[in-house]
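Since each chain sits alone in its own frame, please combine them into the complex, following the hints.
What follows is the residue order along each chain.
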Amino acid sequence: MVQVGRTGNDGAQRSGHRSLADQLRSWPAERVAQLLTDRPDLATPAPHDFGQLASRAASRSSVARAIDILSRGEVSVLDALVVAVETTRTEIAQTVYADPSFVGATVDRLLDLALVWESTEGLRPLSAVADCLTGGTESGVSGLRPRSAENRSVARTAELVASVSPGARRLLEHVVAEGGTATAGSARVGISPGDETSPAEELIAHRLLLPSGDGLLVAPGEVGLAVRGGRTTTTPVDVPPDIAWSERPVRLATSAAAGAAAEAVRHVEQLLEWWGHRPAAALRTGGLGVRELRSAGEHLGLDNGGAALVVETASAAGLVATRADVDGNPVWVPTDAFDSWMELDVAGRWAVLARAWLASPRLPSLVGERGPDGKTWNALTPELSSGVLPETKRMVLTELARAPEGSGLATGTGLASLVARLAWLRPRRPRTRADLAAWAVGEAGRLGLTGLDAVPSYTRDLLAGADPVPALAALLPDPVDHVLIQADLTAVAPGPLLPDIARSLHLVADVESRGAATVYRFTPASIRRALDAGWSAAETHAFLESVSRTPVPQPLSYLVDDAVRSFGRLRVGVAESFVRSDDEAALAELVHHPRAAALGLRRIAPTVLVSTTPPDILLPRLRELGVAPVAEASDGTVRVGVVEPLRARAPKQRVAAAEEARAAAHAAAAVRALEEGEEAARSRPATASSPANALSALRDAIERRADVLIAYTDDRGVVGERTVRPVRVEGGRLTALDPSDGEERSFPVHRIGRVTPSP
Amino acid sequence: MTEGPLIVQSDKSLLLEVDHPQAVECRRAIAPFAELERSPEHIHTYRVTPLGLWNARAAGHDAEQVVDTLLTYSRYPVPHSLLVDVAETMARYGRLRLDKHPTHGLVLASTDRPVLEEVLRAKKIAGMLGQRIDDDTVAVHPSERGNLKQALLKLGWPAEDYAGYVDGEAHPIELAQEDWTLRDYQAEAAESFWHGGSGVVVLPCGAGKTLVGAAAMAHAKATTLILVTNTVSARQWKDELIRRTSLTEDEIGEYSGAVKQIRPVTIATYQVVTTRRKGVYPHLELFDARDWGLIVYDEVHLLPAPIFRMTADLQARRRIGLTATLVREDGREGDVFSLIGPKRYDAPWKDIESQGWIAPADCVEVRVSLPESSRLVYATAEPEERYRLAACTKEKVGVVRDLVARHSGQPTLVIGQYLDQLEELGEELDAPVITGETTVKERQRLFEAFRHGETGLLVVSKVANFSIDLPSAEVAIQVSGSFGSRQEEAQRLGRLLRPGDPGPDGERKIAHFYTIVSRDTVDAEFAQHRQRFLAEQGYAYRIIDADELQV
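Chains as they are written, first to last, in the UniProt record's numbering: chain D, 1 to 759; chain C, 1 to 551.
For reference, chain C alone in the conformation it holds in the complex (with noise of 0.2 Å):
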């Protein structure tokens, strides 16, 4: 028995003391084949699941090399069984190759021909081959190629795919780094992507995805699609590429609802690409629309589903996602894994943390009491109301206004659900209010105020959970949100992420996130929810009485 950092689980987790000597370098060790799924103070819960031991495959590694990890670095004796079970699943991964075949075009390999029998027998494959070439070889529709992919992957076969990508057009790109300089874990992410052929890079938020998304380009040199969640996080993966690349004004294109510009380097929203008239996606021509070498995808934990179908056809061309976590609400990670590519780049928020580059934050849960009135209501109400009921009470405006005067002079996020409580608090916070309905102009206007300290109070809905930089906020206050929702979390806790310049003394700043919820009712348990989240990726955070604020 050794006195590892690592405590291997018959279940498949994997505990790592975090305050363990050898922890940092087993935490590498482990980080290329296991899911990192909670990160609090002291131990550290990875999973090995068969995509993570897939990915570390096609990262190079063997089975061997894992199970001697997991050998080394456990405490305890290993279950034998999991043992097994990685040497197993990890032999699945390249047992089936698609490759170019000089004659054939692209053709499915395989070395173990009763594999190759078992998949040809699949009814779900079967309209996706051509003819059978040799005993170990099958022609395949080249544009099958992805969705290929992803019916081996849900067979437990994933596909090695040797077939190699098109060069793209090609477009000068270089970074133009006069006033700075790309960060080690950037340049790092960049380079495994480029190396990997495509793939998903994971960052927290606020580590500056976008830059890797710059350095990507700049190894492609080569007109590059870009797919980002909103018009807003658009207009500013724009101003970045300008600012940070050789790119100028007239060479980058944005294509949504208002402009429908395709240049070289062109950004379109999910939406305008997802829009549907008459059954037809009127917008799918863009993809053909130039030879485009590489494809970007922003935030590729909610690509939409009609966009894993288009990019089952372009598995010809360099794809590239970008992403705070690899976690779907929807379960999709498989089609993430198959149509994207494998995980390249992955580091902790934690880690980075550390580094200095994302704000260190403090999590507070304030809890009201809804009056006695408005519990009637609510244990009367219909269970599809008694959310809204719960978040929008009246008492959560007295906290809000207090917690806005304590950190007065700090630059404030109000984030919300409900239009109507949005509305009643900017009036009674004298807040400017960014809503759906806010016009584009508008809203860039009010950010940009924001960002320059202009307006120090912004009350906002969901639609800036997404992608857009305010890295001057301090201080958020959510006071209701889509139901339990994991994600909205991280990203509305991104908003703070940004790292300011350090004050005055040197000191950075300490962000603030404030989520005030209502006891003993639905509120309450979805923000448990949400919390637990924030808890497993380190944040730990206080709960405190509404009563106790004003103390």
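If we strip away everything but chain D, and leave its shape as in the complex, we get (with noise of 0.2 Å):
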């Protein structure tokens, strides 16, 4: 029964192919393409031709990556493939427990990864892969052995399996069970049926149990089928675990992940224009200390945990980083990428965000807590990463929006069904995966990915690589331009106000409330603040009327010119640092003001004095004492100071779109690579003589299973010409069987010279 080869999309022949370069030969170029996309380390450094890249496919640390992304049914199949050692597709879909379909599409991804291939005697799994298919039944390993060239066929040995006595048939179980090899002890291993003085010995007798050297007994692959039942599990392995669902109404959840967005954005926007002013200071190893944290928490209104997904988001976003403050040292402060975030919409802003967060390994969750080294993580510190955490949030939001409509993860019981779907999904992922499962969720659901742990219509997109922001902005509520004003001096903006007339108002009042909202505050100082600007009294006059709804109140007019009236009273001078002012008593005034001493104040005129102190202290001072002086320029002129926010220069971005793009891209050139290199290897004899070429013929012979002519340099300098089967590459050293007495050799990979295929 022979029926090799497929009737897949690339229309391969039929009858199977000489070695896995010449099955890579076969394949159309997206098909390349694909297996390049799938397996990133085969197309660095670019391979020169089909045979290296089917080398470097074979090896043991590319063969355990490829294994790393399969789901545990995949495993399964990849390990009944192992245990079948070389089987056709029907075969191997009766030896998994599973439905025929699931095997038949798994086996043709595995084609796909190459990490198996369809020799002209059936499917072979690539040589590595029993070695890295470690861990047991919960990575989707059945702890069989390969079959043994026995050539039984599973039925003999059932019958053989069930005519042993029941002593030596529980030995049997417990060995098969127990990973397949068992130790010899004192049990004579070349006896044959009917001498047998123990379980042990009926079971090497009847040839259930095989000597392997040193002093071990393997149970070979069909034995440990036949008492499995024909198959490598007992239970099916393409069932993955269902997530615990619950109950979540589509408009409250999305309207819940919709304010959560928002309030990310907000969060982020309100930190970062603080920083602006009042930059934080970073710790020498790059981080930001638990207090700055905590001041951040405060100002946000938010525990440390959420500052530090604040800070972390931002950080990941670009938005934030060091620079040196006047005194040399390391602050925290926005980058200039930040102003222009600041002027997208709020969905726009929000878009960037989540991209940061999806891509970043960044893991806030665990500020707080102590690293292995007993002391406390900092937020932004660089160590505070994991690599799988990137895969881990998209699939948990992938899977979370495999949600039947209307519900979401389940409360209580949810996470821990999502973690266990994934760890059927990903069975070699680390222990961490729960953890990291749980804070995904957890950072999701307080940035807006998800409302009520359910994912709202715009986060799929995201995930699907699509824009976002449309569907995000349908549901934040409309900028508005107008706000009311009240005669407690507040202003209420109705909405999320616009960005230009947002600017100003923060100049001439205080922001007292945050939310979708906001509610700003005059007060004395805030007008200060504006004057303080450059704005007339007009201007600010105009503004006020033609932002507000309703009429101007009259307690603000008045507030605004009485602002107007004590603004500019006092004149401090530069050359010599004066206060001069037409007011005598309130020159008097300061000059007796308690807090005024430490100034150095000296009357030296009815209108004038002077101060030891420089202007640019002075004059914050002053208004600390609370009087509203203004800056003369030494020719007399007013000078008008803005204070200019800080920035940093942004740091370069590893963008994971721009990262993919950058992929396809150098799969495709290593696509055409490929085929150019394949035309001059063509040309070249079939022999290797160069070391590249020497370690893939080999590679190529190990697959096939297939004696190669070696020349090799031997101890006394002697070069001689033998012929070996590979068995491994490994460490430098080649191990091959020699075909004349069926003895392991072991060669040191440089002193082989050529390698020619045998014919």
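What the hints contain is simulated information worked out from the structure, not anything from laboratory work.
Each hint can be trusted.
Which bits of chain C does chain D cover? Going by a derived footprint, with three or more residues having C-beta under 8 Å, they are:
(1) 6 to 18
(2) 30 to 43
(3) 525 to 536
C-beta atoms are modelled at their ideal positions from N, C-alpha and C, and glycine is treated no differently.
Quick look at the structure:
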């Protein structure tokens, strides 16, 4: 029964291939490109030809990486292929406890990943696969050994197993369950049926346990299969665990998510605006100290965890970076990217944050926890990241997006079921995954990627690589262009304000409450701030009238006039640092102010004071004392100073999308290079003489289980040729069978000069 | 997104757009759980606090209703964390309950054992509890009922009190509604209180809180102890009760510095109750003098701390608190909640004003400039002297004279803080002065004369702040106050907001409230603080310069 080859989309020959390299050669370019995309390590550096590509694909480290991205079901199929050594699609479908269509599809995927290839004798896994399949059944590994060369059918072996004594059968089952090997102990290995004196010897006599040297006994694959009823596992392997859902009305979940999204944007905005004026000190190690984090949290009204997430997300989006302050100490300040970010609408700003978070390996949820060295983790510490986190985040959201309409992750049991499902999808990820997944769920909720643990439409767009902005923008409140000014000197913006109005209002009033709406309060100090920035009384009045939908209350107009009246009553000179005023009483007031002593003020004329304090210190001190001085330049004109917020340069970002595009381009380029290399290889003789080619030829022979003729320099410097069957290449040594006596020999690869495939 | 009238902010404030068609409906829906913080002309600010949510729980609302209300009326998506917080906070109320056990007496019981374990481990509480009866129940010393409730509230696990009330000594009390009727909101307030057992009724000054008290007494039909702020107010309560209820003069006793009568209905002042001699309260016996069935606390927001302690021992008796505001300058709102009871009724000033029960007011701040010489003195003065200097400037006298002249014929009060200043004004204006030194008899005579229009102008100190009905006052001129007290501002405005009879043209009078402040001094700063309160209550005010006044 030979049914090799496949009727896949590539239309490969029905009779299989001589080697993996040959099979890769037969693939259309797109399929090769897909391979290089799925296993990016094969494409860097670009392989010369298909021989080298196949050789690289067969190396153990690359195989291990490829297996890492398989689900538990896929690993089970791969494991069954290893047990079968060489098999057909029909046979493997019978061996795996799963739906045949699942097995078929999985075999196709394993072929696409070049973990398995179709030889003329049947499907073969790469030889490194068996070594890489570690872990127990929870990783999809059955624990059965490969089949022996005895060519017994499973059915016949099963009859044999049924015929042995119950003691021997129990022993056999135990050996199979414990990994398929046992020590021979005192059992004699070379006996025939009838001579046995113990269950072990009985099994040896019936060749159900085979001696494998070193005093070990092996239960070969067909025996294991026979014990397990013809299949590698006793339970189905193609059923991923379900996630527990609970009802979450779409309207509510979406609204909660959009609310959180707007909130996250607001937090980043508020924090960075603050840091622009009052930079946060950076630690020497590059992180953000606990005290700074706490004050950021207080400023935002968040706990430390929430503040850490805001800080880390802003940093991941390149909106914050370190620079030196005036004293040369490192401080965290917004980058110039922050200014362009602020130009976007809220949905656009959110998209930047969400993409950055999705691609970020940072672990803000660990902030405040103790690290392995017993020290607490600080936010923005460079080491605080995990390479598998971006994949986990994406998988978590993808799985949550699978939720039936109107439902979200169940409270309580939901998270555990999600972790179980992730464990099935990526069985070989580390144990910390449960934590990572929990953090991802929590952070996604806070950032508005989910609402009530359900995935809203705009996040689905984001995951699909589409633009989430239109869908999100439709959910967010429309910007408003007016405020309601009230007699208690507050102004309420009943929605997000247009950016330029918001900027002006920020100047002339203090923010009292934030949220979907903003409450501003006018105080003498805030009005003075606008005057300091160069606004005139008329301008201030005009602005208030233009933005207020209701008449400006009389007390506010009075407040503005009052501030203007006292504004600039004092003038501070640059040259000698003087204070002068036409208002003598005001000067007297100042000189006699108990807190003015440190300023060294002295009255030199009824209307002039001099000070020993430089103007840049004197000015703020005077303002603290409640007067409103203006600075005067040396030519007597008034200096108007607006404090520019601090900015740092944005760090270079590794943008996920760009990365992907680069990878795709890289794969395409690699394929082209491969085809050209192949042309060159074809014109070369079959004999491989360069070290790289020799290695490829050896790997090729391993996969083909074929003999090669090697030219080998022995210890005495004599070059001899010999025919060997390579078994593995590892650590610079080739292990091969000598066909003449069947013994394993080992050769240093660097001594092998030429490799010629046997005819 | 709906077009609702409410904006829910992440800092737990709720902004209600007043002109929205759904505003009234929404106000009614959020009032049970949100405290009105500010009510200026366009947007009212409410705040969701744990106390507010627990008040709502006590009134029988659950978290689902609250969340549903927020989602229904909210214009924008509601912050998720806020909804979670509401649910969690509300779930904390009633996990613990005070019950009457048939054999063990007063017990603290819980449906949630970890919570009980948590509070049992709190040091402050251990001393108040007796032996453990079973896993979920622990005995409570009966005398600690109030203290325990207070301590549990501080721990964030307010207990629901199911231990009930003693009926007290019965005494027939009826409302005598021959020539008047209880207003709807007054009846509603008394009704809410009675069903809730104990609690606080919040009504603005002039809205007739005394009548709510009387109606509560008519519900209880039992001996009643009434605690009021001062003697004058005590007399007013007495007069009002005689006029509005079936009680006669003989049934009502006064317990004050001057007289010590204990009768079925006894009115005592805070001052006499909290008098301390040699470390003991000699008048504490008052609380045990009779088997009171009801205790009325007037002006709860002023309740002095010792009364809180005494009230802790009175938890088995029904208590009603009456106040214009739950805001306490000392921040002891939580004690009011745990010791007197949750808020049972609340109506904002403006609503009642628009129903015509209290007079609308025109608030004006008049700014005077200190003369040059005073400025120098002011600038060099010690900080603690500054307010007095600024507030008592001579410039104000002229302005007061102008204002009095402008409103001649209208009953006018001039209110101030400093006796010198008041004496000076009294001389200048040729008007009687009432201060703390004036005898009660003299005070009553003058107030009576003012009420009947015999005197058109009174100069009064802070004795007039509380509970004195001067319904005829139409103009108040404030020359100085106790720094920036918001309460005081409310009380002073309250003097003016008692409804008078409509004038001959059928128009309701408009009250005028003037504050005179010195520009560029602490006086102006304090004035700003106080006015902010007025503006937040919805009373728009104007600021004018003294020069403009003369025009």
